[in-house]
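All chains, full assembly: derive it from the sequences and hints.
Respectively, the protein sequence lines represent chains U and B. When the letters of the first sequence are read in order and numbered with our numbering, they come out as residues 50 to 192. When the letters of the second sequence are read in order and numbered with our numbering, they come out as residues 50 to 192.
The reader is advised that the hints may include incorrect statements.
Repeated chains share a single entry, so a pair holds when one copy, or any two copies, can fit it.
What the hints assert, rightly or not - Mimicking DSSO-like on lysine-lysine, the simulated pairs with C-alpha atoms at most 30 Å apart in a straight line are: (1) LYS158 <-> LYS110; (2) LYS158 <-> LYS170; (3) LYS90 <-> LYS165; (4) LYS170 <-> LYS90; (5) LYS90 <-> LYS110; (6) LYS90 <-> LYS166; (7) LYS90 <-> LYS158.
If you're looking for bench data, these hints aren't it; they were derived computationally from the structure.
2 protein chains.
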Amino acid sequence: MPGQLLARGVCRHLASHGFAVIEEFVPDRGLRVDVMGLGPKGELWVVECKSSRADFTSDAKWDGYLDWCDRFFWAVDEGFPTELLPQGSGLIIADGYDAEILRMGPETKLAPARRKKTIQKFATHAARRLQALRDPGVRVSWA
Amino acid sequence: MPGQLLARGVCRHLASHGFAVIEEFVPDRGLRVDVMGLGPKGELWVVECKSSRADFTSDAKWDGYLDWCDRFFWAVDEGFPTELLPQGSGLIIADGYDAEILRMGPETKLAPARRKKTIQKFATHAARRLQALRDPGVRVSWA
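Written out as structure tokens, the structure is:
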């Protein structure tokens, strides 16, 4: 199943737990996470969606994502060979309609300054995308 | 000119200055601001859009908005009798396509805890609206 569909199911599931979510979030130069979730207490969760073995093995930079979240998860469909995934990471089984958390990612709390900066970036990103959808006449600066 | 059109022009203008913006933001129970802008340094600006004298005089709670922003502005169209507006507030002249800041609102900095809470609420609000637009199948909790 394509990663974007998995991401949709993941986003629905996280939303049902009170998280706000955005897709394809860039926490830092050169990094793009599939799903970033912001929880009611300011928790930041990253979910990487992997559609296939090849999709997983070609991603060399996933451990860089760990520095930008309190918990990290892989999301895959039920046919994915989960033994490939690093032991101990969070695991979500998803389809295009919903998802289920099978294993929580271990918690490694962000430093307060990074959390603050990342939540502000999340806010900016979400608002700019929303404005671009609502008002096609706007010129949004993505800097 | 209807307030929603003024808000669109205001949002375009603020976006051109690097602000992220959302409309009809609820910073606290019972309060709804027309435009909330989040600046590159975490500044929070509130803009109230007034379409007419009646629209202005019927708004009894605008001074409550001052507690939720670093700067406050009125936005009106060029035909509005600006002498009605409180002296010293920020003033923006807008139409549906753009806007111009005629007078900056005085700065009264938010306390750090309130800024943090408000930016998180801004992030959540923007992401939920974006998700609702992108995925009509989602059940978003607005709690």
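Hints and how they fare:
Taking identical chains as interchangeable, the C-alpha atoms of LYS158 and LYS110 lie at most 30 Å apart only when both belong to the same chain, with a minimum of 20 Å there against 39 Å between chains. Taking the shortest Cα distances, LYS158 and LYS170 sit within 30 Å of each other both inside one copy (18 Å) and across copies (20 Å). Taking the closest pair of Cα atoms, LYS90 and LYS165 come within 30 Å of each other both inside a single copy (12 Å) and across two copies (11 Å). Taking the shortest alpha-carbon separations for LYS170 and LYS90, both the intra-copy value of 17 Å and the inter-copy value of 11 Å come in at or below 30 Å.
Taking CA atoms no more than 30 Å apart as the test, LYS90 paired with LYS110 passes in both settings, with 28 Å inside one copy and 29 Å between copies. With identical chains, the CA atoms of LYS90 and LYS166 are at most 30 Å apart both within one copy (15 Å) and between copies (10 Å). Both within a single protomer and between protomers do LYS90 and LYS158 lie at most 30 Å apart by alpha-carbon distance, with minima of 12 Å and 24 Å respectively.
Violation of the numbered hints given earlier is absent; every hint is satisfied by the structure.
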